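For this one, chain A is given, so just place chain B on it according to the hints.
2 protein chains.
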Amino acid sequence: MKAIILAIGDELISGQTVDTNSAYLSRRLAERGVETVEHRTVGDDKERIASAIAEAAGRVEIVVVSGGLGPTEDDLTRQAMADAMGCELQLNAECLADIEEFFRLRNRKMSPPNRAQAMIPTSAEPMRNKLGTAPGIAARIGAAQVFVVPGVPAEMKWMYDNCIAPRLPAGEGVILHHVVHTFGEGESDVGAKIADLMKRGSEPTVGTTVAAGMVSVRIISRGRTTEDARLQADLTVKTLYERLGNLIVGKGDATMASAAGELLRKRGQTLATAESCTGGLIGEMVTSVSGSSDYYLGGFVTYSNRLKRDLLGVSEELLARHGAVSEQVAIAMAEGCRQKLGSDWAIGVTGIAGPAGGSAEKPVGLVYVALAGPEGTQVFRYVFPGARDMVRLRSALAALNCLRLALLR
Amino acid sequence: MKAIILAIGDELISGQTVDTNSAYLSRRLAERGVETVEHRTVGDDKERIASAIAEAAGRVEIVVVSGGLGPTEDDLTRQAMADAMGCELQLNAECLADIEEFFRLRNRKMSPPNRAQAMIPTSAEPMRNKLGTAPGIAARIGAAQVFVVPGVPAEMKWMYDNCIAPRLPAGEGVILHHVVHTFGEGESDVGAKIADLMKRGSEPTVGTTVAAGMVSVRIISRGRTTEDARLQADLTVKTLYERLGNLIVGKGDATMASAAGELLRKRGQTLATAESCTGGLIGEMVTSVSGSSDYYLGGFVTYSNRLKRDLLGVSEELLARHGAVSEQVAIAMAEGCRQKLGSDWAIGVTGIAGPAGGSAEKPVGLVYVALAGPEGTQVFRYVFPGARDMVRLRSALAALNCLRLALLR
Chain A
35 MKAIILAIGD ELISGQTVDT NSAYLSRRLA ERGVETVEHR TVGDDKERIA SAIAEAAGRV
95 EIVVVSGGLG PTEDDLTRQA MADAMGCELQ LNAECLADIE EFFRLRNRKM SPPNRAQAMI
155 PTSAEPMRNK LGTAPGIAAR IGAAQVFVVP GVPAEMKWMY DNCIAPRLPA GEGVILHHVV
215 HTFGEGESDV GAKIADLMKR GSEPTVGTTV AAGMVSVRII SRGRTTEDAR LQADLTVKTL
275 YERLGNLIVG KGDATMASAA GELLRKRGQT LATAESCTGG LIGEMVTSVS GSSDYYLGGF
335 VTYSNRLKRD LLGVSEELLA RHGAVSEQVA IAMAEGCRQK LGSDWAIGVT GIAGPAGGSA
395 EKPVGLVYVA LAGPEGTQVF RYVFPGARDM VRLRSALAAL NCLRLALLR
Chain B
35 MKAIILAIGD ELISGQTVDT NSAYLSRRLA ERGVETVEHR TVGDDKERIA SAIAEAAGRV
95 EIVVVSGGLG PTEDDLTRQA MADAMGCELQ LNAECLADIE EFFRLRNRKM SPPNRAQAMI
155 PTSAEPMRNK LGTAPGIAAR IGAAQVFVVP GVPAEMKWMY DNCIAPRLPA GEGVILHHVV
215 HTFGEGESDV GAKIADLMKR GSEPTVGTTV AAGMVSVRII SRGRTTEDAR LQADLTVKTL
275 YERLGNLIVG KGDATMASAA GELLRKRGQT LATAESCTGG LIGEMVTSVS GSSDYYLGGF
335 VTYSNRLKRD LLGVSEELLA RHGAVSEQVA IAMAEGCRQK LGSDWAIGVT GIAGPAGGSA
395 EKPVGLVYVA LAGPEGTQVF RYVFPGARDM VRLRSALAAL NCLRLALLR
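Chains as they are written, first to last, in my numbering: chain A, 35 to 443; chain B, 35 to 443.
Hint data in this document are derived by calculation from the structure and do not stem from the laboratory. Keep in mind that the hints are not guaranteed to be accurate.
You can't tell identical chains apart in this list, so a pair holds if it fits in one copy or across any two.
Cut-off 27 Å, straight-line C-alpha distance, at most; resulting in silico cross-link-like pairs (DSSO-like, lysine-lysine) [to be verified]:
id, residue 1, residue 2
1, K80, K36
2, K191, K36
3, K272, K233
4, K272, K285
5, K285, K233
6, K80, K233
Just so you know, these numbers come straight off a predicted model, no measurement behind them.
Only chain A is shown next, with the shape it has when bound in the complex:
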């Protein structure tokens, strides 16, 4: 079974926003054995949207359209869909009630344009939206099933799971995507360790990607049944673990923070943080995991020297002698934090995120990470490439990775 995915929006074709919905939908459809053959993006133009829908429906069995369901005048996908179907829009009472309820629950007044969002093509079925005001649309055009979903990624994802996936026909084969996340070596080094698995034409397909500071290994396995495809993938994942060992942080939805958090939970130990250049990012990552209150106490953002001294007890003399960005201050931050808060582990991070503040001796990207634990304190020095956000991200990941590796020992 084949699919075409359409994305709608002037902000997309003008390049102001990068379309990530289409890639997401392709991956999800592949899980069901549906192969995407084309992505197409058109602007907020009723005729172009309608003809793109009609054309796609003439070529493949599944068409998914995202975007253009908002309440404003430039949201034209509803009308275009009706045009492509050759019918009118009509007010759907259930959808209107959902929208009214949405505003009522939030103590907000529904504005008149939102009423337009309850308009659905006469011969289509609404897909109710629990996260936002725009219902989706499910309809048949010729031999194709066409699904229209909101462009807001969270709503699109929710609607895929709850409205599209249940409506998809049972497929003849299964394509599974697996991903294993690594940290600590570059993409080419990881690639060199698994070059044989990455050969073109081998099954499963194995490739590497870099995103948000992590190198991920992606596995696409095919099978007649889910069990077939899973068996293929499991063998490959096993090989990856043999080759890559502790470089592997986790699989699937795992993040650096969830991996380190799981290890803390298993040991029944606690963590606290003292952040300078990361400004709260490590705490943010740790607490992005639901249930992290079981092992994360909290900590300090000591962006100024005064706070390093007043809150963490870093001595004035240490700051003056070595500077705020130094091995010694990182250690004093981690140990001060651990002592003040009585945690099992404490992370201290200080560095120069840039673009300003660097020198020949202490360049932008220089970061010290200290980890104080039950058996003493370790300190690590890094010089990270990249812009401010990248230096901060890598610092936070490196700090949590030090903790993860210490907990694996």
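Just chain B now, kept in the frame of chain A:
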């Protein structure tokens, strides 16, 4: 003048890689007055690539194709381009010399498949590549100029600047993109206030989008010269400020944190933070702005009740009587933080980010934000929809927005 941008690659239509080239090319073409009307992505399939090129060339004046110029068997764009042109490929001696030179300079042996990269359609012109081994292709198909560039973003960008831009016809106009970010009202409410500007067919084109918790108003202005286009945009931006007032956070690259930070800097005042459910996100946002150390002291991540008590002086009795997620505790956090750190302003945030921890009385998404300042303390109650990350993001934005509005008074 209109353009269609094609992206080629199985990794794109399977969703393993998000296509960012097309958005980049759209933005760059717009600078030259070229309006992109469609993005289209097809896989590594010779017939599909050829028909996509031919079809696009029949519809617009400019076609840019990225990807599929590599040395391996699944790189088929060269042959597809020749097919779309109705001619053969032939070895280009200059390109072959470039490729040989590329390997020689890097002390690497050229592998035989790389020779294929020097094959160019007979009636096309090669675009030489200084960053990689794949030359681009420039050709005319019917009334359209077609440019084929490598999919590697750095090579694509270099080739746009050095090979495509110089070959573009002198445009008859300029297209400028502006964006104004708002916070505090939903997309439909913002849209209702500027409905007349958003009418289809009006100039400049005005539209709204929602991303990362903010509603942004996008303006596309056209003019014969840059000055013309800018004047159009400026008038519209002025109207937006009149209509939307303090809802407007900033323009262009401005963020909530940079806007609040600028106001602190102007007043010479300082900020500190006490975060519970946001876990450090507010600090992270504030410090994502270079130079934020001028006004941000730092703060506390008090994820546990014990830390709210020990670090911020929130009384045991208050926590027991009202619970950690309460107006009273948010106020005590902000005031405790301001007092301990001696900042002009302090933010205290406590809430239930979910998915666990909600109750009928205190649902998931309930968040209290307190702002302690020179003239006293304000507290705000929110119930945010969405998943954990969304609740946290909205909490952080709402907190910084309270500060921003207080600083505007």
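Hint check:
| no. | hint | verdict |
| --- | --- | --- |
| 1 | K80 <-> K36 | both (25 Å within a copy, 17 Å between copies) |
| 2 | K191 <-> K36 | within (20 Å within a copy, 32 Å between copies) |
| 3 | K272 <-> K233 | within (18 Å within a copy, 57 Å between copies) |
| 4 | K272 <-> K285 | within (12 Å within a copy, 50 Å between copies) |
| 5 | K285 <-> K233 | within (22 Å within a copy, 47 Å between copies) |
| 6 | K80 <-> K233 | between (42 Å within a copy, 13 Å between copies) |
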